[in-house]
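Start from the sequences, fold in the hints, and give me the full structure.
Number of protein chains: 2
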Amino acid sequence: MKLSEKKLCGKTVYDGKILKLEVDTVELPDGATAQRECVRHSGGAAVLCVEGGKVLLVRQFRYLYGKELYEIPAGKLDGGEEPAQAAARELKEETGMTAKLSPYLKIYPTPGYTDEVIHIYIAEDCKRVGGQSLDDGEFLEPVYKPVKEVLALIESGEITDAKTVAAIYKYVSETRI
Amino acid sequence: MKLSEKKLCGKTVYDGKILKLEVDTVELPDGATAQRECVRHSGGAAVLCVEGGKVLLVRQFRYLYGKELYEIPAGKLDGGEEPAQAAARELKEETGMTAKLSPYLKIYPTPGYTDEVIHIYIAEDCKRVGGQSLDDGEFLEPVYKPVKEVLALIESGEITDAKTVAAIYKYVSETRI
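Note that the protein sequences, when read in sequence, are chains A and B. Mapping the first sequence onto my numbering, position 136 (from 1) lands on 191, and the numbers just tick up by one. Mapping the second sequence onto my numbering, position 141 (from 1) lands on 196, and the numbers just tick up by one.
It is worth saying that the hints were derived from the structure and are not from the lab. Watch out, some of these pointers could steer you wrong.
[As the list claims (entries may be wrong)] In silico DMTMM-like links for lysine to aspartate or glutamate, alpha-carbon gap of 20 angstroms or less:
{"hint": "1", "chain 1": "B", "residue 1": "Lys61", "chain 2": "A", "residue 2": "Asp190"}
{"hint": "2", "chain 1": "A", "residue 1": "Lys66", "chain 2": "B", "residue 2": "Glu60"}
{"hint": "3", "chain 1": "A", "residue 1": "Lys122", "chain 2": "B", "residue 2": "Glu60"}
{"hint": "4", "chain 1": "A", "residue 1": "Lys72", "chain 2": "B", "residue 2": "Glu82"}
{"hint": "5", "chain 1": "A", "residue 1": "Lys122", "chain 2": "B", "residue 2": "Asp170"}
{"hint": "6", "chain 1": "B", "residue 1": "Lys203", "chain 2": "A", "residue 2": "Glu229"}
{"hint": "7", "chain 1": "B", "residue 1": "Lys57", "chain 2": "A", "residue 2": "Glu213"}
{"hint": "8", "chain 1": "A", "residue 1": "Lys72", "chain 2": "B", "residue 2": "Glu210"}
{"hint": "9", "chain 1": "B", "residue 1": "Lys57", "chain 2": "A", "residue 2": "Asp190"}
{"hint": "10", "chain 1": "B", "residue 1": "Lys66", "chain 2": "A", "residue 2": "Asp70"}
{"hint": "11", "chain 1": "B", "residue 1": "Lys61", "chain 2": "A", "residue 2": "Glu123"}
{"hint": "12", "chain 1": "B", "residue 1": "Lys57", "chain 2": "A", "residue 2": "Glu196"}
{"hint": "13", "chain 1": "A", "residue 1": "Lys62", "chain 2": "B", "residue 2": "Glu210"}
{"hint": "14", "chain 1": "A", "residue 1": "Lys131", "chain 2": "A", "residue 2": "Asp190"}
{"hint": "15", "chain 1": "B", "residue 1": "Lys61", "chain 2": "A", "residue 2": "Glu82"}
{"hint": "16", "chain 1": "B", "residue 1": "Lys122", "chain 2": "A", "residue 2": "Glu82"}
{"hint": "17", "chain 1": "A", "residue 1": "Lys75", "chain 2": "B", "residue 2": "Asp70"}
{"hint": "18", "chain 1": "A", "residue 1": "Lys161", "chain 2": "B", "residue 2": "Glu210"}
{"hint": "19", "chain 1": "B", "residue 1": "Lys161", "chain 2": "A", "residue 2": "Glu193"}
{"hint": "20", "chain 1": "B", "residue 1": "Lys109", "chain 2": "B", "residue 2": "Glu179"}
{"hint": "21", "chain 1": "A", "residue 1": "Lys109", "chain 2": "A", "residue 2": "Glu213"}
{"hint": "22", "chain 1": "A", "residue 1": "Lys57", "chain 2": "B", "residue 2": "Glu123"}
{"hint": "23", "chain 1": "A", "residue 1": "Lys62", "chain 2": "B", "residue 2": "Asp191"}
{"hint": "24", "chain 1": "B", "residue 1": "Lys131", "chain 2": "A", "residue 2": "Asp170"}
{"hint": "25", "chain 1": "A", "residue 1": "Lys57", "chain 2": "B", "residue 2": "Glu213"}
{"hint": "26", "chain 1": "A", "residue 1": "Lys147", "chain 2": "A", "residue 2": "Glu179"}
[Said to hold, decoys possible] Here are some chain B residues pointing at chain A (derived, C-beta under 7 angstroms):
{"hint": "27", "residue": "Tyr69"}
{"hint": "28", "residue": "Ile73"}
{"hint": "29", "residue": "Pro84"}
{"hint": "30", "residue": "Tyr118"}
{"hint": "31", "residue": "Leu119"}
{"hint": "32", "residue": "Thr165"}
{"hint": "33", "residue": "Tyr168"}
{"hint": "34", "residue": "Asp190"}
{"hint": "35", "residue": "Gly192"}
{"hint": "36", "residue": "Val220"}
{"hint": "37", "residue": "Tyr224"}
[To be verified] Chain B stretches covered by chain A per the calculated footprint, using a threshold of three residues with CB under 8 angstroms from any CB of chain A:
{"hint": "38", "stretch": "92 to 104"}
{"hint": "39", "stretch": "170 to 184"}
All of these numbers come straight from a predicted model, not from anything done at the bench. For glycine and all other residues, C-beta sits at the position ideal for the given N, C-alpha and C.
This is the structure:
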């Protein structure tokens, strides 16, 4: 069965700093029409850095959940930026580190309403080269946590960020920790 | 360091079928103000069902990416619905199966701009009790794929859905497949 949907028309209802919201009318496989609510996003890049059995995380207040979350260092691609370049930039800005980065995992966070792609890299040869250099309005703290503690915090529902959870379980499944 | 942000005011810029978009003005930890673009979502529920080394997936066209994706069965919580109830309902609607469901993993898909929580359950004792009963405008096909094939498709970037990737790697990390 062919499952595709064809755009008939669309309108932009909001164009903001980190996302654009479009509402499109589409033709369904059976010829009927439906509306699709589309969050357009430039994409994200993240870095899994594990050294000596410890994971580099950042503690950050996330307004949408009204609490602090632990996540691997990450951020949004700036206009036209390559994912690897964004990953290296975010790692340096958020933690003051540089590293050799290799592609590790690509995820679509929630495909029902956003087109974001999150590109996750794995770090080797991490070096501290300076302090943080955060964007205006960005507040976060880097912290190292043992892989086993991170797993326990995922199990207890205290670490929940999808890119962090996916990357950590991939790492554990491959390294047999 | 205390990292919280306090809402000063907000407005709803869109209120749709699957999401609401609010733009809030917040006070930052240093007293400055910033805007937060907030996608409000009722939450999702998903089911990891592995039987005889095969994972139950659904193949579905995702308009936001313009292609078909493979994902574990999942859907949105209807108003006031409990996550476990939504997981059972979606499993039945999308695949015609019922199962004993246990909480498995909770993820926040992309905490920078949505408040969605995805509740993932693991299935035991799956039974086919009928055919699909899809919502209007929903088209998808259930398919079983071996765990090893799913891992290969994640590695090659063909399976990308975050809830699916996280659940599969958790499963593999725990079962040592």
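Hint check results:
Restraint check for B/Lys61 and A/Asp190: satisfied, since their Cα atoms lie roughly 19 angstroms apart, inside the 20 angstroms limit. About 32 angstroms separates the Cα atoms of A/Lys66 and B/Glu60, which puts this hinted pair outside 20 angstroms; it is violated. Taking the CA atoms of A/Lys122 and B/Glu60, the gap is near 9 angstroms; set against the 20 angstroms cutoff, the hint holds. Our distance criterion of 20 angstroms between C-alpha atoms is met by A/Lys72 and B/Glu82, whose separation comes to about 17 angstroms.
Straight-line distance between C-alpha atoms of A/Lys122 and B/Asp170 comes to about 11 angstroms, which keeps the hinted pair within the 20 angstroms bound. A threshold of 20 angstroms between alpha carbons decides the hint, and for B/Lys203 with A/Glu229 the separation of about 13 angstroms falls inside it, so the pair holds. Only pairs whose Cα atoms come within 20 angstroms are accepted, and B/Lys57 paired with A/Glu213 is accepted, the gap being roughly 18 angstroms. Proximity of A/Lys72 to B/Glu210 is assessed by CA-CA distance (about 32 angstroms); at most 20 angstroms being required, the pair is judged violated.
Under the criterion of a C-alpha separation no larger than 20 angstroms, the hint pairing B/Lys57 with A/Asp190 is consistent with the structure, at around 18 angstroms. The hinted pair formed by B/Lys66 and A/Asp70 meets the criterion: a straight-line CA distance of about 14 angstroms does not exceed 20 angstroms. For a cut-off of 20 angstroms, the pair hint linking B/Lys61 to A/Glu123 stands: about 13 angstroms separates their Cα positions. For a cut-off of 20 angstroms, the pair hint linking B/Lys57 to A/Glu196 stands: about 10 angstroms separates their Cα positions.
For the given pair, A/Lys62 sits about 31 angstroms from B/Glu210 by alpha-carbon distance, which is inconsistent with the 20 angstroms threshold. Distance check on the hinted pair: A/Lys131 and A/Asp190 sit about 12 angstroms apart at the alpha-carbon level, within 20 angstroms; holds. Under the criterion of a C-alpha separation no larger than 20 angstroms, the hint pairing B/Lys61 with A/Glu82 is inconsistent with the structure, at around 42 angstroms. For a cut-off of 20 angstroms, the pair hint linking B/Lys122 to A/Glu82 stands: about 14 angstroms separates their Cα positions.
Among the hinted pairs, A/Lys75 with B/Asp70 is consistent with the structure: their alpha-carbon atoms are about 14 angstroms apart, no more than 20 angstroms. This hinted pair checks out: A/Lys161 and B/Glu210 have alpha carbons roughly 9 angstroms apart, not beyond 20 angstroms. For the given pair, B/Lys161 sits about 26 angstroms from A/Glu193 by alpha-carbon distance, which is inconsistent with the 20 angstroms threshold. Pair hint B/Lys109 plus B/Glu179 holds up; C-alpha atoms about 13 angstroms apart against a cutoff of 20 angstroms.
A C-alpha spacing of about 17 angstroms is found between A/Lys109 and A/Glu213, which places the hinted pair at or below 20 angstroms, so the restraint holds. Only pairs whose Cα atoms come within 20 angstroms are accepted, and A/Lys57 paired with B/Glu123 is accepted, the gap being roughly 9 angstroms. For the given pair, A/Lys62 sits about 18 angstroms from B/Asp191 by alpha-carbon distance, which is consistent with the 20 angstroms threshold. This hinted pair checks out: B/Lys131 and A/Asp170 have alpha carbons roughly 17 angstroms apart, not beyond 20 angstroms.
With a C-alpha separation of about 18 angstroms, the suggested pair A/Lys57 and B/Glu213 falls inside the 20 angstroms cut-off, and the hint holds. Among the hinted pairs, A/Lys147 with A/Glu179 is consistent with the structure: their alpha-carbon atoms are about 14 angstroms apart, no more than 20 angstroms. With a least beta-carbon distance of about 5 angstroms to chain A, the hint placing B/Tyr69 at the interface is held under the 7 angstroms criterion. With a least beta-carbon distance of about 6 angstroms to chain A, the hint placing B/Ile73 at the interface is held under the 7 angstroms criterion.
For the restraint placing B/Pro84 at the interface with chain A, the shortest Cβ-Cβ distance is roughly 5 angstroms, inside the 7 angstroms limit, so the hint holds. This hint holds: B/Tyr118 has a C-beta 5 angstroms from the nearest C-beta of chain A, less than the 7 angstroms allowed. Interface hint status for B/Leu119: upheld, as the beta-carbon distance to the closest one in chain A is roughly 4 angstroms, under 7 angstroms. Among the interface hints, the one on B/Thr165 holds; its C-beta lies about 4 angstroms from the nearest C-beta in chain A, closer than the 7 angstroms criterion.
The beta carbon of B/Tyr168 comes within 6 angstroms of a beta carbon in chain A, closer than 7 angstroms, and the hint placing it at the interface holds. For the restraint placing B/Asp190 at the interface with chain A, the shortest Cβ-Cβ distance is roughly 10 angstroms, beyond the 7 angstroms limit, so the hint is violated. Interface hint status for B/Gly192: upheld, as the beta-carbon distance to the closest one in chain A is roughly 4 angstroms, under 7 angstroms. Taking 7 angstroms as the C-beta contact cut-off toward chain A, the hint placing B/Val220 at the interface holds, the least distance being around 5 angstroms.
At a threshold of 7 angstroms, the smallest CB-CB gap from B/Tyr224 to chain A is about 4 angstroms, leaving the interface hint in force. Coverage of the stretch 92 to 104 of chain B by chain A holds in this model, with 5 residues showing a Cβ closer than 8 angstroms to a Cβ of that chain against a need of three. With 4 residues carrying a beta carbon less than 8 angstroms from a beta carbon of chain A, the stretch 170 to 184 of chain B meets the three-residue requirement, and the given coverage holds.
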